[in-house]
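Student: Protein chains in written order, with the working numbering: chain R, 1 to 415; chain Y, 1 to 314.
Hints may be right or wrong, so weigh each one.
Stated by the list, open to error - Covered, in the sense of this in silico footprint (three residues per stretch, anywhere, with C-beta under 8 angstroms from a C-beta of chain R), are these stretches of chain Y:
id: 1; stretch: 52 to 65
id: 2; stretch: 169 to 175
id: 3; stretch: 262 to 276
id: 4; stretch: 280 to 286
As the list claims (entries may be wrong) - Heads up, simulated DSSO-like pairs for lysine-lysine below, C-alpha to C-alpha not over 30 angstroms straight-line:
id: 5; chain 1: R; residue 1: 81; chain 2: Y; residue 2: 60
id: 6; chain 1: R; residue 1: 331; chain 2: R; residue 2: 49
id: 7; chain 1: R; residue 1: 89; chain 2: R; residue 2: 322
id: 8; chain 1: Y; residue 1: 60; chain 2: R; residue 2: 402
id: 9; chain 1: R; residue 1: 173; chain 2: R; residue 2: 237
id: 10; chain 1: R; residue 1: 261; chain 2: R; residue 2: 173
id: 11; chain 1: R; residue 1: 336; chain 2: R; residue 2: 311
id: 12; chain 1: R; residue 1: 401; chain 2: R; residue 2: 223
id: 13; chain 1: R; residue 1: 318; chain 2: R; residue 2: 62
id: 14; chain 1: Y; residue 1: 60; chain 2: R; residue 2: 311
id: 15; chain 1: Y; residue 1: 60; chain 2: R; residue 2: 89
id: 16; chain 1: R; residue 1: 35; chain 2: R; residue 2: 323
id: 17; chain 1: R; residue 1: 336; chain 2: R; residue 2: 371
id: 18; chain 1: R; residue 1: 361; chain 2: R; residue 2: 251
id: 19; chain 1: Y; residue 1: 60; chain 2: R; residue 2: 217
id: 20; chain 1: R; residue 1: 35; chain 2: R; residue 2: 83
id: 21; chain 1: Y; residue 1: 60; chain 2: R; residue 2: 83
id: 22; chain 1: Y; residue 1: 60; chain 2: R; residue 2: 413
id: 23; chain 1: R; residue 1: 272; chain 2: R; residue 2: 159
id: 24; chain 1: R; residue 1: 35; chain 2: R; residue 2: 49
id: 25; chain 1: R; residue 1: 371; chain 2: R; residue 2: 217
Simulated from the structure, these hints should not be mistaken for laboratory data. Note that the structure is predicted; figures quoted are calculated from it, not measured. Positions of the beta carbon are idealized from the N, C-alpha and C atoms, including for glycine.
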Amino acid sequence: MKRHLMGVVAAGLTVALGVSGCGKGSSSSGGSDGKTIKFVAAIYDDNTKPYWDTLIKDFEAKNSGYKVNLEMVDWTQMDAKVKTYVQTKQVPDVLNYNAFSDFARDGLIYQASEVVSPATLSDFTPTFVQQAQYNGAQYGLPFISSARLLFYNKDLFEKAGITDPPATWDAVKTDAQKIKKTGAIGYGLPLGPEESQAEFYSWAMNNGGGWVDASGKWAINQKANVDTLDFLKDLNKSGLTQPNPESTDRKTVFNQFAQGKVGMAIGGPFTKAGFIDPVNKSLNFGVAPLPSKSGAEHNTLGVMDVLAAFKKDGGKNKEAIKKFLDFFYQKENTSKFLTTEGFLPVTKSAGDALSADPYMKQFVDALPTCKFAPTSNPAWSAVAGAVKQDLGTAAANEDPKKVLDKIQETAEKAG
Amino acid sequence: MPDLTVKERGAGTSPASRPSLPLRIGRALTPLLWLGPSLVLIAVVVLWPVIEMIRTSLQKISSTGTTLGYRGGGNYTDLFGEDDLIPVVLRTLLWVGGIVIVTMTLSLALGQLLNARFPGRRVVRWAVIVPWAASVLMTALIWRWMLDNYSGIVNRLLLDLHVIDEPVNWLAHPTQAMFWMMWVAVFVSLPFTSFVILAGLQTIPADVYEAARVDGAGPFRTYFGITLPLLRPAVLIASIINVINVFNSFPIIWAMTGGGPGNKTDTTTTYMYKLAFYDQNVGESGAMAVVNFVLILVMVLLYLRAARWREEIR
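Just need the whole structure built from these sequences, with the hints factored in.
Tutor: Given below as structure tokens:
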């Protein structure tokens, strides 16, 4: 019996310790005939996979001999997957992602001009081309864009006796107080780890703050940012936001907003189809520019996802990639994706298709005033990661200046 | 004929008394035939990942996942320079200690119950297995929604019972969140542990109890004088495996709080993940994995020493 014990202990240790080691997944690489490519696409919602399935079938029918292997990856898994692909040298040919500059820095991806035709290249809107550059050359292929505006509940505003959506921060606070008196939540503030960098920047940019200074150096702990965080903390501490902004995600805020329990919140074009309609189709809400400290100018947060094409087999995959990407960037294919998913165009040709919808038009119109996160800086993803983890704590009990100092330190370390 | 016999005998006996070299090597290696498969398994499943982990912790890996070469102990210097590391390690020790102690205590009681004869025992035994059969992630997600601030059933229940006056956002406050997550971890650890205890209880021969009864020992005395000492092997195994499992537990914390707010509910395991995928620093995360590995080895060895397992084995 005692021998058995020894055996069991040994077996138990072996199994348990083995589990703690990390495994490496591997997937088969596509054929090296140069006509089969692997495309890793992100799942935006339930409609994404059917869209790509149809598009690829169509592409393969029109380009006989060419084949696209589709792999769908959830956003929550994406970072881990991409790192594994690169570590194990199993990179896809085309990747749909939210970052590209560190791939460019490490020499993993093609320049845009190598993988799309000149016609496609010149169709991208200049604002987005600028965001897709690394060291002056375009690497990323703008894929979708999005902008943020202030959503407000018209019924709650009327009940609280407010006529217009707030244009200044002071107005946000007084309106939130009035809404609170009706029993609802004044402002929905999602500073949880999901996307706190977007929520924070939406406020900071309208106070003259931001991630970098004029010379492009990290300026995360600048005074304008500290003031912004102080303002948001004050909203929370005055009881004008939902409880615990530091652990609230957008989904929760807009679920409450859709139920008519939140007066104001910042959302994007996808918010209506993705968050509000599934809960309450008849919600009476309006969309307004983001409020600013002074009320003079209103900037909008722009977000862009990209496609990136990986170098492989000494460039043999270039032709197939080019065929596939040019096919996707045809006006009808691109605009179909945008309308299905509720995103904004990155190409001139698809722009008009969306302006027909009055709800979408407000966002399309806001695009020219867009400010973007510094995605062309390869260190941005590390900075965004630090922001996601820590920024929210400043709205709760931590000191805003200290939290921003710490993120600044991380940013300088990352490059 | 006689010649032949001699020849045969000669051929048969001479190698046996003095075997040739290849044959001797062959005999020495024969056990490998049986040991081989398990040695290969251990090498591939245990040793290789460990070596790979240590190698990663010494490398400079860019945010894309490209290896840029070795950087010596740089990842370790970075890791030990993190302000969050010490609180995270202390929290991990609390997490492991708290969960294992509560689990063991409850399991000793549950094991006793499952061992007792009563109508419906089979049903109760099955019921105890259920949390084990359900996926840990699923259990954690269900608890997360039960504890939700807006629509959670826990708040509803406590409000209706007038225990609290307004909804509590349980998972947003580090202390309460830790408490609830530890409870979920205990909940999912109970089935395995109580069944190990049950198995241990069933190996205790009935005549020992009979002798105790004849000698006039009461139930209290019987339990602490006979049952508990004889359960030692089972308790030892159950607690070691629990320590390792709980230490490495990722899904419960990840699903319920994601280690937040900030790093206030992180254990070393979730912190390691965040280093790799939030801070984009795979090398430093590798260093954390090595530290994690050493910590758990030390903890298990200390425990075995405290429990004097060698005496137990001999």
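Student: Next, verify each hint and record whether it holds.
Tutor: These are the hints, each one checked on the structure:
1. Residue count for the stretch 52 to 65 of chain Y with a Cβ under 8 angstroms from a Cβ of chain R: 7. That meets the three needed, and the coverage hint holds.
2. Look at the stretch 169 to 175 of chain Y against chain R: 4 of its residues bring a Cβ nearer than 8 angstroms to a Cβ of that chain, three or more, so the hint holds.
3. Under the rule that three or more residues need a Cβ within less than 8 angstroms of chain R, the assignment of the stretch 262 to 276 of chain Y holds, with 5 such residues.
4. Requiring three or more residues with a Cβ within less than 8 angstroms of a Cβ of chain R, the coverage given for the stretch 280 to 286 of chain Y holds, as 3 such residues are present.
5. As the CA atoms of residue 81/R and residue 60/Y are separated by approximately 19 angstroms, the hinted pair is consistent with the 30 angstroms bound.
6. For the hint linking residue 331/R to residue 49/R, the alpha-carbon distance of about 20 angstroms falls within 30 angstroms, and the restraint holds.
7. Only pairs whose Cα atoms come within 30 angstroms are accepted, and residue 89/R paired with residue 322/R is accepted, the gap being roughly 22 angstroms.
8. For the hint linking residue 60/Y to residue 402/R, the alpha-carbon distance of about 29 angstroms falls within 30 angstroms, and the restraint holds.
9. Of the pairs offered as hints, the one joining residue 173/R and residue 237/R holds, with about 12 angstroms between alpha carbons and a cut-off of 30 angstroms not exceeded.
10. The straight-line distance between the Cα atoms of residue 261/R and residue 173/R is roughly 17 angstroms, inside the 30 angstroms bound, and the hint therefore holds.
11. Annotation: proposed proximity of residue 336/R to residue 311/R holds, straight-line Cα distance about 28 angstroms (limit 30 angstroms).
12. At most 30 angstroms may separate the alpha-carbon atoms for a hinted pair to count; residue 401/R and residue 223/R meet this at roughly 9 angstroms.
13. Of the pairs offered as hints, the one joining residue 318/R and residue 62/R holds, with about 18 angstroms between alpha carbons and a cut-off of 30 angstroms not exceeded.
14. About 22 angstroms separates the Cα atoms of residue 60/Y and residue 311/R, which keeps this hinted pair within 30 angstroms; it holds.
15. Annotation: proposed proximity of residue 60/Y to residue 89/R holds, straight-line Cα distance about 17 angstroms (limit 30 angstroms).
16. Proximity of residue 35/R to residue 323/R is assessed by CA-CA distance (about 10 angstroms); at most 30 angstroms being required, the pair is judged to hold.
17. Our distance criterion of 30 angstroms between C-alpha atoms is met by residue 336/R and residue 371/R, whose separation comes to about 26 angstroms.
18. The hinted pair formed by residue 361/R and residue 251/R meets the criterion: a straight-line CA distance of about 23 angstroms does not exceed 30 angstroms.
19. For the proposed pair residue 60/Y and residue 217/R, the alpha carbon gap of about 24 angstroms is at most 30 angstroms, so the pair holds.
20. Pair hint residue 35/R plus residue 83/R holds up; C-alpha atoms about 25 angstroms apart against a cutoff of 30 angstroms.
21. The straight-line distance between the Cα atoms of residue 60/Y and residue 83/R is roughly 14 angstroms, inside the 30 angstroms bound, and the hint therefore holds.
22. Under the criterion of a C-alpha separation no larger than 30 angstroms, the hint pairing residue 60/Y with residue 413/R is consistent with the structure, at around 14 angstroms.
23. With a C-alpha separation of about 22 angstroms, the suggested pair residue 272/R and residue 159/R falls inside the 30 angstroms cut-off, and the hint holds.
24. The straight-line distance between the Cα atoms of residue 35/R and residue 49/R is roughly 22 angstroms, inside the 30 angstroms bound, and the hint therefore holds.
25. Between residue 371/R and residue 217/R the alpha-carbon distance is near 16 angstroms, which keeps this suggested pair within the 30 angstroms criterion.
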